[in-house]
Amino acid sequence: MIRTLADLPSGGHGTLVGLDLPAEDAARLMALGFVPGVQVSRARSAPGGDPVVFRVDGAEVALRRETARRMTLRTEP
Amino acid sequence: MTATLAPPVGAKPVVVALVGPPNSGKSTLFNRLTGLRQKVANYPGVTVEQRRGSMLEAGMRPVELVDLPGTYALDPRSDDERIATDVLNGRMPGTKVPDAVLVVLDATHLARHLTVVAPVLALGLPTLVVLNMADDLQRRGGEVDPAALADQLGTPVVLASAATGEGLDTIRRFLTGRFGVPARVALPVLQSVPACRAWAGQLTDASAYRSPVPPVWSHRLDGIALHPVAGPLVFFAVILGVFQAMFVVAAPLSDGIEAIIAAGGAWLATWLPAGAPRDLLLEGALAGVGSVLVFLPQILVLFLLVGILEDSGYMARAALIADRTMAKVGLQGKSFIPLLSAHACAVPAVMAARTIENRRDRLATILIAPFMTCAARLPVYTLIIAAFLPNTPLLGRFLGMRAAALLGLYVLGFLAALGTARLLKSTILRSERVPFMMELPPWRWPTFRALGFRLVDRSRAFITRVGTVILAASVGLWLFAHLPTRDGQAPPIAESVAGTVGRAIEPAIAPLGFDWRIGIGLVTSLAAREVIVGTLGTIHGIEGDENSPGLQAALRQNLTPGGAAALLVFFAFAMQCVSTIAVVRRETGGWKLPALQFGYMLTLAWVTAWVANRVVTALL
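Protein sequence lines correspond, in order, to chains A and B.
Going letter by letter, the first sequence gives residues 335 to 411 in this note's numbering.
Going letter by letter, the second sequence gives residues 17 to 636 in this note's numbering.
Heads up, a few of these hints could be off.
[Claimed, not checked] Derived lysine to aspartate or glutamate pairs resembling EDC-like cross-links, with alpha carbons at most 16 angstroms apart: (1) B:K344 with A:E400; (2) B:K344 with A:D384; (3) B:K28 with B:D102; (4) B:K441 with B:E455; (5) B:K112 with B:E159; (6) B:K28 with B:D115.
Hints listed in this document are in silico derivations from the structure and should not be mistaken for laboratory results.
Computed from a predicted structure; not experimentally measured.
Chain A on its own, in the form it takes in the complex (with noise of 0.2 angstroms):
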């Protein structure tokens, strides 16, 4: 099913699909690692749920739930 990234429980993963974001934000994150097709799963995040930490080709990266709304990804049913 395809979800947002906001909504990847704990410890879920799934297949980056897209990223609604300004091309030059998108860019940005694509350079972190955010390039679809990538495997995204969730870490841990700040104490209070925002920003979220996932861990993407090998790295941690911390975003604010905002911007994971806007990224979509496919996740295993």
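Dock chain B against the given chain A, drawing on the hints supplied.
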């Protein structure tokens, strides 16, 4: 690989640029190669630091290394990336195209970091690819065949570790040997990140790359540092620890420096003939410079601790924890580091704001940093609080009235900073919300070498400021306090230039409960806030010292309690510091923002001091 470039003859150094993504250990390698033979300047027109250093090997041609800002691609999106691109293309005024390039990558993130190699190879310059953090890669069971990767890239590749020194010999041999341009290889479409990433993926496959296993210890430590309950507790414990160390560890060292300066002054006084030049040297230059130099221990302790926090990886976690609070006022987690540093001194804090990529966020952070209670405010606070407040216990032995007042002033400064940030981000620095994205580096042991570099580098920057701006300001203020001479004698301070200014501004500050004496102090404290203590001492003809009972008694004579409260609030808010003004001008590249900042802080200080005076006077 074809060698076409003969080593230049003579003393003219070859220029080699270091390129690489953030967190690749590029600066550690740069420090390791150049030692302390470094110069820091700003690129023309922007606030990006230009770091150059030279490498001298006996019998070899000299090499000048240029540490370019960290960049994931050569696609100019931020100031930092534009600089890196312009330098490599030779479009940066005053900088020629480098003779060769070192691309520094984190070997533990090879696939992702290799993408930056494609645009560098496209330049056709002699290139060495450094796979840094080899120790980390091997420890975590990763593997790569540098020779196979070199075949694929058509340019030499070395596995190295800037932290342990592995591979440094090969890098030095490359730098001092014959440069060869890379062989032509097929490169991906540079504008397409997915294409570059796919290309990098093929390269890692062809070079037998095995990713390291995830750093288990790092994840465990994050389990504590980012724990919903333990995380915030650790966060506050770290902040308290930093403050505690600044006062407990640094205070005796500051006293030591003060004693040395006093002894030096006394010694000079016995050797130099009495007269105006001696007084200028001792009371102007030495006293002024000395009063700022005593903050060196505090600044060093702060930088040591901030260095440990940064190099270990905690600072990134702290920025993550602070992000939500910062977001409420329109800032972001990365502003946390400069704002923490500002509690020692706003000058290094303003420089630390460079790590914030978004220009508007960086400017907002620079503009609010001077609200934080810096060390220079403490002598002023201590003097006034001791003179006007009894030390009545409020919470048993733990919190007395004086400590509570001091704590209140810290909170006041912090709240003013947050309020101002909110105001700035909703007016002149309003920006589209730039997505906060921050790579969390794995936890690491900080190395003594890196911490040592940082301390030497920063203390050198601080001492340079003390030796230039602050020296000039101190001498200038001394002259104003001793001119115009009458019959070859300095006038009483009330009739000097400084006194005249103090009297001239008296009508403006009278509503705050200040007289002309405080006015002179406000003028002289522009050199550094705590100078007001010495000035008030001079005016009252008493040894100026915040613990002096004589000065406290004198203050009670010409300040009402309302005026005292007003003075505290005024010092909390006003930008009484030429060093900060100077550094903001340099970092923002013009007078507009420091002028705005000074005017805003002065207005805020005046209005709140007026209110404080009225309220306290009405209450008592």
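Checked against the structure, which of the hints given earlier come out wrong?
3, 4 and 5
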